[in-house]
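From just these sequences and the hints, can you work out the full model?
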Amino acid sequence: MQKAAAADNPVRTRDPERTRGKILEAALVEFAENGYDGAKVQKIASSAGCNARLIYHYFDNKDRLYMAALQRIYSEIRAQEEKLRLEALPPEQAITRLVETTFDFFENNPVFLAITRSENLLGGRFVAQMPEIQKMSAPFLKKVADVLSRGSATGVFRPGVDPLQLYVSIVALSAHHINAGHTLSATFGTDLSCETWRRKRRQHVVDMIVSAVRGGESSV
Numbered sequence: 001m002q003k004a005a006a007a008d009n010p011v012r013t014r015d016p017e018r019t020r021g022k023i024l025e026a027a028l029v030e031f032a033e034n035g036y037d038g039a040k041v042q043k044i045a046s047s048a049g050c051n052a053r054l055i056y057h058y059f060d061n062k063d064r065l066y067m068a069a070l071q072r073i074y075s076e077i078r079a080q081e082e083k084l085r086l087e088a089l090p091p092e093q094a095i096t097r098l099v100e101t102t103f104d105f106f107e108n109n110p111v112f113l114a115i116t117r118s119e120n121l122l123g124g125r126f127v128a129q130m131p132e133i134q135k136m137s138a139p140f141l142k143k144v145a146d147v148l149s150r151g152s153a154t155g156v157f158r159p160g161v162d163p164l165q166l167y168v169s170i171v172a173l174s175a176h177h178i179n180a181g182h183t184l185s186a187t188f189g190t191d192l193s194c195e196t197w198r199r200k201r202r203q204h205v206v207d208m209i210v211s212a213v214r215g216g217e218s219s220v
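In UniProt numbering, the protein residues as written are 1 to 220.
Calculated from the structure, these hints are not laboratory results.
Certain hints may be false.
To be verified - Straight-line C-alpha distance at most 27 Å; calculated DSSO-like pairs for lysine-lysine:
1. K40 to K62
2. K83 to K22
3. K43 to K22
4. K62 to K135
5. K62 to K22
6. K200 to K83
7. K43 to K83
8. K62 to K83
9. K43 to K62
10. K83 to K135
11. K143 to K83
As the list claims (entries may be wrong) - With beta-carbon atoms standing in for the labels, derived distance ranges:
12. D162 to G49: 45 to 51 Å
13. A52 to M208: 44 to 50 Å
14. G124 to D162: 45 to 51 Å
In this text, all values refer to a predicted model and were calculated from it rather than measured experimentally.
Beta carbons: idealized from backbone N, C-alpha and C, even for Gly.
Structural data, given as C-alpha cells:
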C-alpha cells in the first residue's frame, strides 16, 4: 500500500529545484520550437523526464509555465546588460559595449528570439500580464539615458537622443538578419549565417549606432 501511495504522489522529489529547472529548460526548447499554441505539456514532461502532473504541481498550468519561460529569457538579457556596468564606462565605450553585448546575446541565444517572436504573434499578451518584466527593464533604460546624458554634456554625443528609440534601433539592427536570415540569404544570394558575414555585420551595427549618437543635432 505504501508503494502504491508513493507512485500516486509523483510531486515528492529529493531535489525540487533541480526538477523545476529541468522542466523549465525543456519548456524553453518546446516553446521556442512550437510557440505557445503549438507547445505540448506532455512533450515538455517527456523531455524533462517527469510526468505532466509534476509540471502542474510546480507551475499550475501551461500559461504559468510559459510566463516562467518569458521571465527566464528576459532575466538573462537584463543580467548580461547589468554586467556591463554602463555607469562606470565613458559614454562612447558604454554604447559600443551595449551594442556588442546585444548583438552577441541574440547571436548566441536563438531561444530568446524564437520565444519573443512567438509572443509578438500573440500580441504581447503574456508579457503585458507580467509587470516584473517592465520593472526589471526600467532601470536598464535609465542607465542608457544616463549614458546619453553624460555624452551630451561633454559634447561627445548629440543632444536629444531618445534612449528607448536608440535601444529599439540596436535590437532591430542586431536581430533582423537572424529573424529574416533565410529569406534575405535567398533574396541576395549571400549566406547571412556565414561567420565572416556575421562578424562584418557586428562591426557595421556598432559603427552605425555610434555614428548616430555622435555630436550634432538629431531626432534619433
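Structure-based check of each hint:
1. For the hint pairing K40 with K62, the CA-to-CA distance comes to about 9 Å; that is within 27 Å, so the pair holds.
2. Simply put, K83 and K22 have alpha-carbon atoms about 26 Å apart, close enough for the 27 Å limit, and the pair holds.
3. With a C-alpha separation of about 13 Å, the suggested pair K43 and K22 falls inside the 27 Å cut-off, and the hint holds.
4. For the hint pairing K62 with K135, the CA-to-CA distance comes to about 23 Å; that is within 27 Å, so the pair holds.
5. For a cut-off of 27 Å, the pair hint linking K62 to K22 stands: about 15 Å separates their Cα positions.
6. Taking the CA atoms of K200 and K83, the gap is near 25 Å; set against the 27 Å cutoff, the hint holds.
7. For the suggested pair K43 and K83, the alpha carbons sit about 35 Å apart, so the restraint of at most 27 Å is broken.
8. The straight-line distance between the Cα atoms of K62 and K83 is roughly 32 Å, outside the 27 Å bound, and the hint therefore fails.
9. Distance check on the hinted pair: K43 and K62 sit about 12 Å apart at the alpha-carbon level, within 27 Å; holds.
10. Restraint check: the Cα-Cα separation between K83 and K135 comes to about 18 Å, which is no more than 27 Å; the hinted pair holds.
11. Our distance criterion of 27 Å between C-alpha atoms is met by K143 and K83, whose separation comes to about 12 Å.
12. Between D162 and G49, the C-beta spacing of about 47 Å keeps the proposed range 45 to 51 Å intact.
13. Checking the proposed 44 to 50 Å range against A52 and M208 shows it holds: the Cβ atoms sit about 47 Å from each other.
14. Between G124 and D162 the C-beta distance comes to about 21 Å, which lies outside the given range of 45 to 51 Å.
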